[in-house]
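Chains as they are written, first to last, in our numbering: chain A, 105 to 556; chain B, 105 to 556; chain C, 105 to 556; chain D, 105 to 556.
Hints are computed from structural coordinates only; laboratory data are not their basis. From the three backbone atoms N, C-alpha and C, an ideal C-beta is built for every residue, glycine too. Possibly wrong hints are sitting among the right ones.
Taking lysine-lysine pairs in the DSSO-like style, the calculated list, with each CA pair at most 30 Å apart, reads [as the list claims (entries may be wrong)]: (1) C/Lys222 to C/Lys321; (2) C/Lys364 to B/Lys478; (3) B/Lys206 to B/Lys224; (4) D/Lys174 to A/Lys439; (5) A/Lys450 to D/Lys220; (6) D/Lys220 to D/Lys265; (7) B/Lys294 to C/Lys478.
Over the 10 Å line for every Cβ pair with chain C, so calculated as not near, a few chain B residues [what the hints assert, rightly or not]: (8) Gln201; (9) Asn252; (10) Asp255; (11) Asp310; (12) Gly323; (13) Ile342; (14) Asp411; (15) Lys437; (16) Thr464.
Protein chains: 4
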Amino acid sequence: MKLKEYCGVCGIYNKEEAANYVYLGLHALQHRGQESAGIVSSEDGIFYEQKGFGLVHDVLGDEKIIASLKGKIAVGHNRYSTYGDDSTSNIQPITAQYGLGKIAIAHNGNLINAYKIKKKLVEEGAIFNSSSDTEIIIHLIAKSRFSNFMDRLVDALKIIKGAFSLIIMRENELYAIRDPWGFRPLSMGKLNNGAIVFASESCAFDLIGAKFIRDIKPGEIVVVNKDGISSYNPFEQIDEHRCVFEYIYFARPDSYLWDKDVYGVRKRTGEILASESPVDADIVVPVPDSGVPAALGYSNTTHIPLDFGLIRNHYVGRTFIEPSQSIRNLGVKLKFNPEKGVLKDKRVVVIDDSLVRGTTSRRIVKMLRNAGAKEVHIRIASPPVVSPCFYGIDTPTKKELIASSHTQEEIRKYSTADSLAYLSLEGLKKVVGDKGYCFSCFTGDYPIAFEK
Amino acid sequence: MKLKEYCGVCGIYNKEEAANYVYLGLHALQHRGQESAGIVSSEDGIFYEQKGFGLVHDVLGDEKIIASLKGKIAVGHNRYSTYGDDSTSNIQPITAQYGLGKIAIAHNGNLINAYKIKKKLVEEGAIFNSSSDTEIIIHLIAKSRFSNFMDRLVDALKIIKGAFSLIIMRENELYAIRDPWGFRPLSMGKLNNGAIVFASESCAFDLIGAKFIRDIKPGEIVVVNKDGISSYNPFEQIDEHRCVFEYIYFARPDSYLWDKDVYGVRKRTGEILASESPVDADIVVPVPDSGVPAALGYSNTTHIPLDFGLIRNHYVGRTFIEPSQSIRNLGVKLKFNPEKGVLKDKRVVVIDDSLVRGTTSRRIVKMLRNAGAKEVHIRIASPPVVSPCFYGIDTPTKKELIASSHTQEEIRKYSTADSLAYLSLEGLKKVVGDKGYCFSCFTGDYPIAFEK
Amino acid sequence: MKLKEYCGVCGIYNKEEAANYVYLGLHALQHRGQESAGIVSSEDGIFYEQKGFGLVHDVLGDEKIIASLKGKIAVGHNRYSTYGDDSTSNIQPITAQYGLGKIAIAHNGNLINAYKIKKKLVEEGAIFNSSSDTEIIIHLIAKSRFSNFMDRLVDALKIIKGAFSLIIMRENELYAIRDPWGFRPLSMGKLNNGAIVFASESCAFDLIGAKFIRDIKPGEIVVVNKDGISSYNPFEQIDEHRCVFEYIYFARPDSYLWDKDVYGVRKRTGEILASESPVDADIVVPVPDSGVPAALGYSNTTHIPLDFGLIRNHYVGRTFIEPSQSIRNLGVKLKFNPEKGVLKDKRVVVIDDSLVRGTTSRRIVKMLRNAGAKEVHIRIASPPVVSPCFYGIDTPTKKELIASSHTQEEIRKYSTADSLAYLSLEGLKKVVGDKGYCFSCFTGDYPIAFEK
Amino acid sequence: MKLKEYCGVCGIYNKEEAANYVYLGLHALQHRGQESAGIVSSEDGIFYEQKGFGLVHDVLGDEKIIASLKGKIAVGHNRYSTYGDDSTSNIQPITAQYGLGKIAIAHNGNLINAYKIKKKLVEEGAIFNSSSDTEIIIHLIAKSRFSNFMDRLVDALKIIKGAFSLIIMRENELYAIRDPWGFRPLSMGKLNNGAIVFASESCAFDLIGAKFIRDIKPGEIVVVNKDGISSYNPFEQIDEHRCVFEYIYFARPDSYLWDKDVYGVRKRTGEILASESPVDADIVVPVPDSGVPAALGYSNTTHIPLDFGLIRNHYVGRTFIEPSQSIRNLGVKLKFNPEKGVLKDKRVVVIDDSLVRGTTSRRIVKMLRNAGAKEVHIRIASPPVVSPCFYGIDTPTKKELIASSHTQEEIRKYSTADSLAYLSLEGLKKVVGDKGYCFSCFTGDYPIAFEK
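Chain A on its own, in the form it takes in the complex:
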């Protein structure tokens, strides 16, 4: 059970078959959300939309469906749906008709004052068709007293607080926005024909043959329309708080994010981890796939050879019919199988990118020992997760975060490993820099408090 990213967003302006490009972009962003997917396109003032529960391919992977999404401008979204949100009306992009016409919004992030604003809106007579934060943003735009869209947008954005990387589509223009804290990523790319693409991560650009141009800046609004590209910075400048977990786990290793290459960051965490917490062992075994770059770094630094003692089953579906005569640890077995030939009689350092509840680590230690490992040492390429996230990540409650209430030694005991060590926060800062990030899941210090 890893943390879950809520969403990936992608939009394109001024390209024939825009929806098809967004569809491919959503594929590249599938790791950011697997529960639902949707695309809205625009042509001649009409919005075309297709949404549903399932992977991008299941929901949208049909020639007829893609062809029905007409126009040269489109926005898409995929999403990890949170508990209780299993209504189709919550599938993004959220669309509505309001005083200035039509609008579609794809949102990655989480508002910390959503409850308060929604309460006020409802008291004033607003009606809600979904339980998503995104509908709040539309209401604020719709209710703003300004006559001009940009003024209304800024008016609305100044009311909301929290994490929001947004792509907004109007009939003939596309907006890309990041909150002033810059919690979640959002980048701009360009296709050969000059068409502008926005996406949560640069890996989406690679797939469709677009060139990465730059990240959207914290607090920036980028507009692309018939007049070209414009940039606005309506917010007071505040300290950046980019989610460091994007580097640790969420972002695809082949994405280039915030002036760093994700894969390189991960490898470097393994190197620092090795220097902080070396161990006498025979092999370094990554928990695939997310632990691989750190394991490589750890191996390079310690000169303990890397070996693949855990094999991942990539065909594993999302739901299983567990036999009622239950098979022990089926969940973990479905994902990983130990490689006995590698592990037998070996002292193993197993590298994972993070440790959240501790249950997976415990099962993996057991699996490795059953496969013949003589010693199992856990090394985690990030600091202990002690506090939940309020900025767009689906974390367990504080109680379920094992490091919030257990010492490192207690966690080791629970995991049954011979030793266990985390990358220190200082170590992490050595890799990414000590400024400009949100480290709150490791520290409990929140840049903005959640408002009830």
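Using the hints, position chains B, C and D against chain A.
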């Protein structure tokens, strides 16, 4: 191409498996709308909903789906979707969250000032997720300054004008409402256990074993909740304008409506038609199924024997893949087949309930002649349709209504029949009474004007 | 619970978009089987097939599916699947590859020596992929020692006994065959372009604009291929035994069958029934739709007016989710609703085409009385069904046939009717003729015995 | 475009919820075939089956479906369907009824005399419902003159030649068989309760918690029924010819096969490759995932650091809607994305497990150079593929195998790499041993010739 009724509605209060009863009720009302169906149920403050395009059986006919609709209170809707409304967000019942909690509305009818109200709401900052009139009603309730639901409801209803037979569900109560003109039907029934049922037509009660109690009165609001049944009449009393076309075509013949039995009304129109426009002929042939009661009345009065010269194919699906080497008149052939043994060398009076565009009549005359009929006389058991409906019926434009611009003789020529006659308006009034009905599709005199 | 016909078959030779025409033909034959549908077409030696469970429209009603069935020759089938046959391998047409190439067979009927032949084939090493009789016929053709297809076909057909109306497709030719007893119907029609069509009933020709040419004769094999149409009569001539129940219930009233018009036959049974068993009553009420023609005949003869006291719900789907707090008689209510205005205080003669188990009659009598009927007299337009059918009809077991073990008075009592009468066998023979039919379900005298 | 394995098979005897275990086993074997899946179970003499096109999860991953597959004995199959075999009748396991009852066969492999036998069978009157080899085996068993199943089975198996690893289910017993050459794998495992499992690879045992017992021997028939486990060796012993490509590419790295651990074999090929064809470079980059173990071996031996310069997108679906304004190399981009941070200015050795057509290598070289690689050296961890396989692998035609007609230097030029080298056949033999394998795709020397 007959006229299309927009919808059928059904709701139930205080019955285990409420959704299943509503499901059966919607089956009985399937003739009022075949394009989409939906049910919303309520239990412990949570709304459960299932909606989709297709017949009631296709959308909801699955044990798992029905079982997922928990609670002892439920409301359902089926609908003929109008052009351009092919978005799932338009499928009723429409639900929303607003200042007083949750609400679900099923609406049969059409507001004549929807455009105006929506414009104003949008200017004030409202956002719309559907293009349905029903969402307007929810906005008006949500925006009302009253603190009490009933006050807000009355406040909202006094703003809207037009045809509205509504079933509204709140967390723990059910409302049945008819507009002050009383355009569309809505009845109340009771199950053995005392559970109250509302439905567009009494045939829904028969299916689920409920007893018909009475029609909801024009301008009446009936509420059923833990305190029992209450009735409110907040509107000034005005002249009733019940849609006479319910008797002529829409309602099921086995429904009991507005103190009359529908089948009996239709048979009587045939009798009056016979006395007004007799003809020397060998057989009376109904256009099945809607022309049958009138044909029986015509036959009884004229003593010309009834015979079934047109057979209807009841398995015809809704969409056909027409061979590109097209078969002539496939549409009509798919519905009807002439019975040569009956028709050969006969002088035929063919009885239909109404004549809208004239194209079907023309094809039927041709079909009857090809099958051997010596003469074909058309008799229509309602007056000429000269004006479109604004109160919940999908009529063609005035231009397409053949009687709006052609004389009876011109229509006869177009139909290629040997003679053609309509029931007179006076004749119709002899059957149903001359007061209390909306005859505007026959007269062009509208009780309330459409507002742009 | 009426008797069930097993199947309808349709084939076409030498028409562009052959599969589309067969698709329409199967629509017209939908009443002969609603559980599965299939089409196989042929082009350039390749067979294209689509089959599935459901109505013709559900299984095949998709442009892509129809377009995938290439070629100018095609054969189709729809089928009422019998108990236990819920495997897709039993859906017809059955196809196979054998010594002379490819073959597809659509079969309407039932072999009485299937068990014996199959046993022998299996002993000789044959394998079976389905439990259908049809696969036996393919085996016999495949195993015949003749080198020529026609010789093999005749060889095979001489082994099988029972009811078989077959359409057989080879790569470039189409065969239509009826067994020597002529149990089941099969007709030949022609399209404007000269293309030949075969179908179980002529109503299929009407729909696609084909002209009825003639019935296939008992024991006749008609071949249509590039050399034109040829007819073969390889069997010794025996007495015809056409299933009289086709006239009574199965065939569509608008079909022209065995030199008679089905509707006319049914009306005439009502006339004879009236003269045999008149009753003093106020109205004649048909059980819709199959009892309508006989009711008309009964009314014409007795001068008791026809009236529609039972309304049929044509949208009823095939499966219902019955509330666990069950509604009494839901099954019958789903199909029929009584028309109180018609029935109140009336002495009613209710006319049905046949009476099989008695349960439906019993429920209808109750329904009519509850609706106000003062007296209810049942008149059945066919003789008592006393014996099951072995020739292609799904009859209940002898034990379940109420007339096999009960006197007419006992049945009346069970039905709770005031009086009950059947058409006599002599009466039926007056209508259809006393020679050339299989009356075995009324007499228990079987033209060929079932072989175990 | 890699080679494709035709199938994976799995069977279980004497376990409650047998089908569920087989379902999980098929998941573990998903890599052996992704186009269709099926399970047949047996209880009380009745076979229950579910088959369809798609991944195991799509076809069978539903509680209702699994629950419908009753019994304690089951057999399953997943399959890569070859061109033209898109008929459901070809989806395995193939079932039939024959002289001794019911039979279901799951087959991994390919018969080289199928054409000949089928021709003879067809001449003798056999009919075929599928185009699969497997139906031939059923025919041979059905036609055998022996009265006892085992005698019939041996009789049939002595007629067929080629690759066949079979699991055969009868009403109450399960058979596991490998052809005398032992081309394809098949292993036996045991669950805690003693239930016997057969599967193509041991990774299926790991998932369901079964213990690997041993491989089925070439030419061995293992029977498990109420009398326990028996083994038969009816064939003359001949030289083993185990498919060496199982080690190179097909088998999952975590499977234990033919007394070797697959992952270890692959790593060792990389080591030998390194010693045979070293190169002066900065990093070793595997083509993920299949090239990873060999790359690790290559890196370990050369001390050139391993790094992940190509990232694989694991969510890629199987079909894509390519924009008509096509994006160059979309296919490869969908699978891989280069890691610029790793590649920039580096001399790269890229390791792949095999090279078939050369097109993927060419695209990868280009991708690596575009991402900044200074030099690209291709090293292939298996010998050149020069001849197609007739024993159960889907290879391109000889013409499409680039090494069949091009020198190594020509292939290098085509690939645009700076250097290119293959593992020598001798090198491969050093890893796996020089006896007991089929090397025919590398040599063109076939142990048994294909018979037309």
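Status of each hint after checking the structure:
1. Of the supplied pair hints, the one linking C/Lys222 and C/Lys321 holds, its CA atoms being roughly 27 Å apart against a limit of 30 Å.
2. The suggested pairing of C/Lys364 with B/Lys478 holds, with an alpha-carbon distance near 21 Å, which does not exceed 30 Å.
3. Restraint check for B/Lys206 and B/Lys224: the C-alpha separation of about 24 Å stays at or below 30 Å, so the hint holds.
4. Proximity of D/Lys174 to A/Lys439 is assessed by CA-CA distance (about 27 Å); at most 30 Å being required, the pair is judged to hold.
5. Between A/Lys450 and D/Lys220 the alpha-carbon distance is near 54 Å, which puts this suggested pair outside the 30 Å criterion.
6. As the CA atoms of D/Lys220 and D/Lys265 are separated by approximately 11 Å, the hinted pair is consistent with the 30 Å bound.
7. Of the supplied pair hints, the one linking B/Lys294 and C/Lys478 holds, its CA atoms being roughly 26 Å apart against a limit of 30 Å.
8. Non-interface call for B/Gln201 relative to chain C: holds, since the shortest CB-CB distance, roughly 29 Å, exceeds 10 Å.
9. Residue-level check passed: B/Asn252 sits 35 Å from the nearest beta carbon of chain C, beyond 10 Å.
10. For B/Asp255, the condition that its CB be more than 10 Å from all CB atoms of chain C holds, with the nearest at approximately 37 Å.
11. Under the 10 Å C-beta cut-off, the non-interface status given to B/Asp310 relative to chain C is violated; the minimum distance is some 5 Å.
12. For B/Gly323, the requirement that its beta carbon stay farther than 10 Å from each beta carbon of chain C is met, with the minimum near 28 Å.
13. No beta-carbon of chain C comes within 10 Å of the beta-carbon of B/Ile342; the shortest separation is about 30 Å.
14. Consistency note on B/Asp411: stated as away from chain C, yet its beta-carbon is not over 10 Å from all of that chain's, at 7 Å minimum.
15. For B/Lys437, the shortest C-beta to C-beta distance to chain C comes to about 5 Å, within the 10 Å cut-off, and the non-interface label is violated.
16. For B/Thr464, the condition that its CB be more than 10 Å from all CB atoms of chain C holds, with the nearest at approximately 17 Å.
Going down the numbered hints, you'll see the structure goes against 5, 11, 14, 15, while the others check out.
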